[in-house]
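Top to bottom, those sequences are chains A and B. To convert, note that position 184 of the first sequence is 184 in the numbering used here; the numbers rise steadily by one, no gaps. To convert, note that position 141 of the second sequence is 141 in the numbering used here; the numbers rise steadily by one, no gaps.
Do not rely on the hints blindly, as some may be mistaken.
What the hints assert, rightly or not - In the DSS-like style, the derived pairs of lysine-lysine whose C-alpha atoms are separated by at most 25 Å in a straight line are:
hint, chain 1, residue 1, chain 2, residue 2
1, A, K115, A, K236
2, A, K259, A, K354
3, A, K115, B, K129
4, B, K129, B, K268
5, B, K268, A, K259
6, A, K259, A, K236
Unchecked claim - Only part of the chain B face toward chain A is listed, based on derived beta-carbon distances under 7 Å:
hint, residue
7, A15
8, G21
9, A35
10, V37
11, L39
12, Q44
13, T50
14, L94
15, F95
16, V130
17, T159
18, T203
19, M236
20, A262
21, I281
22, T291
Claimed, not checked - From the derived model, a few chain B residues whose C-beta atoms are all more than 12 Å from chain A:
hint, residue
23, T3
24, W148
25, I220
In short, the hints are calculated from the structure, not lab data. Note that the Cβ used here is the ideal one computed from N, Cα and C, for glycine as well.
Below, each chain spelled out in residue letters.
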Amino acid sequence: MTTTMKAPTTGITNTLTANRLPKWAPVAAFAASLAVVWGAMTILQATAGGEANLAVVVVVALVLFNVLLFVLSYLIEGARQARNRFVTSLVYTAFGLALLPLISLVVTVVGDGTKRFDLQYFTESMRNVVGEGGGALHAITGTLLITGLATLISVPVGLLTSIYLVEYGRGALARSITFFVDVMTGIPSIVAGLFAFAFFSLILNDPGIRFGLGGSVALSLLMIPVVVRSSEEMLKIVPNELREASYALGVPKWLTILKVVLPTSIAGITTGITLAIARVIGETAPLLLIAGFATSMNYDLFAERMMTLPVFVYTQYANPGTEVQVYLDRAWAGALTLVLIVMALNLIARLIAKIFSPKFGR
Amino acid sequence: MTTAPPAPRAKMRPADRVFSGSTMGAGILILVALAAVALFLIIQSIPALTADPSTLEGAPASFWAYVAPLAFGTVWAAAIALLIAFPVSIGIALFISHYAPRRIAQGLGYVIDLLAAVPSVVFGLWGIKVLAPALTPLYEWLTGNLGWLPFFAGDASATGRTVLTVAVVLAVMIIPIITALTREIFLQTPTLHQEAAVALGATRLEMIQMAVLPFGRAGIISASMLGLGRALGETMVVAMVLSPAIVINFVLTGSSNPSTIAGNIALKFPDSYGVGVNTLIATGLILFVITLVINSVARYIINRRKAFSGAN
């Protein structure tokens, strides 16, 4: 046995930085695994034929990357760090995974929707249209009328209920209202439509009833809980000092609420209402049942079938004529219009919240 | 001994009575509306329950034999959707609350919320025109290589209009719901717990395991139940994407798929008349009861947690 000289120690190793992968390790590992998979795919393609699929390459590369990083980290950093790195990359992957459908959706809706996104689409109905041409004016009008009436029903009921819950409600009644409003947010939209149908067909004794008012009632059922919840939150954050100052000046409670509490929270309440409208304006199922579908204009909420934009999209897809593509283009244009309306409402809501909300303190 | 004077009470003016009365009336109206939903659905269901089963669509042995495959399909599709959405949502929520750089985390949260704003009919159109064709090669691979599993038995659907496609779209729709709720709960985790874990040398994963997840467990459960409730009631995606059949089977990739209650109503209702309408309303009543139970349990868990949490 030879005697080995011990290497001269130059100093104390820092235990906090020793045994650590460098910062660029994950990036390098991913690039390496991508290159390996790409190379393997190309060779496989050259020898066995077939086509390289980008999705498959990325997925296999991701798997390889995770294995590679886990093994590297396990050998150098230990089991705990290796597990930490593994879960970190899983979490990042989950987020990337959720972006995929969003990007794909936006690309398709914009790409296919702009084909028929023209003047004719917004100025004509589908009356006597078979095949090409036609538009969604009747559907857009119907959507605006039905959603407008639903808003007119939901806002007073929802706002008054939230005032009751925040300012007056104590005890069992308030608690049960809170609970059932929460439960109501979970009612499937189609059940709301069935209820509107069951109610009006029984009351008006018409077994095949279809009209706009029923659609508004069904939408209100979905909208009221959203309005109640958001207004409640907004009323709750009005500082109590404002109310007390008002009472101290001898102002009655109802005037305090109307003149002090509501103006303070009006921006937040408006935001909540706008978001509630955005939520129900895309509802399809209840309107399919109770408002029905039509090809002509109908301005009367109380009689006859009324077309709405979501139902228009559905029927254009579901009942195409002989020229399927023409109907599909109209459906995509409708989808684009719907998405634009919803996005605009969301944007307006955020703007209202930003511009008009009262500024507290500094 | 002198008795204390009674506490002064605010004077009730007529306007006060009118105003408080109308707010209470609005609250009661909501309870009445919910009761009316149940009442009118029950009234309109009775003809279907009492009718001769042979007059129902497809002449089943009884009304329950008609509903069973639909109820199965509803629960089956929603359960797969939840199975897909749950891990992804928890991952996204953790990403936004604990992994993403602070500065962009809120913006990323908005991006996920955008998914929730897309109308369901647009998701349906996307599912049938984009997702279904994209998934068809995967289904062929699954049936070819994993055909021995009961889930992938038989031939793959050529159109991609299968339960699995529907479940994927449903998962995309409920991911923002579960994410939004769990994210808020993760953000409420007491900072001291997290710092204590890190100070003891825990890695980020261990900190999350020890501090964040135990704190948020009730919230995670109720958030996924709310997501499940949404998936159970979702109509248009099923009506547009699925190629339906009245069957009970567990095959995910075949061309014979169990339909759901909501999807069945949307497809059949416009052309139904007489007792057919009542049958569909009766199935809707069953859907209403299922979602009501699930949502009530979820809300109960949330409310119970609120009372005992130290976060507020």
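Structure-based check of all given hints:
{"no.": "1", "hint": "A/K115 to A/K236", "verdict": "violated (47 Å)"}
{"no.": "2", "hint": "A/K259 to A/K354", "verdict": "holds (22 Å)"}
{"no.": "3", "hint": "A/K115 to B/K129", "verdict": "holds (16 Å)"}
{"no.": "4", "hint": "B/K129 to B/K268", "verdict": "holds (22 Å)"}
{"no.": "5", "hint": "B/K268 to A/K259", "verdict": "violated (51 Å)"}
{"no.": "6", "hint": "A/K259 to A/K236", "verdict": "holds (16 Å)"}
{"no.": "7", "hint": "A15", "verdict": "holds (5 Å)"}
{"no.": "8", "hint": "G21", "verdict": "violated (10 Å)"}
{"no.": "9", "hint": "A35", "verdict": "violated (9 Å)"}
{"no.": "10", "hint": "V37", "verdict": "holds (4 Å)"}
{"no.": "11", "hint": "L39", "verdict": "violated (9 Å)"}
{"no.": "12", "hint": "Q44", "verdict": "holds (4 Å)"}
{"no.": "13", "hint": "T50", "verdict": "violated (16 Å)"}
{"no.": "14", "hint": "L94", "verdict": "holds (5 Å)"}
{"no.": "15", "hint": "F95", "verdict": "holds (4 Å)"}
{"no.": "16", "hint": "V130", "verdict": "holds (5 Å)"}
{"no.": "17", "hint": "T159", "verdict": "violated (14 Å)"}
{"no.": "18", "hint": "T203", "verdict": "holds (4 Å)"}
{"no.": "19", "hint": "M236", "verdict": "holds (5 Å)"}
{"no.": "20", "hint": "A262", "verdict": "holds (5 Å)"}
{"no.": "21", "hint": "I281", "verdict": "holds (5 Å)"}
{"no.": "22", "hint": "T291", "verdict": "holds (6 Å)"}
{"no.": "23", "hint": "T3", "verdict": "holds (26 Å)"}
{"no.": "24", "hint": "W148", "verdict": "holds (22 Å)"}
{"no.": "25", "hint": "I220", "verdict": "holds (14 Å)"}
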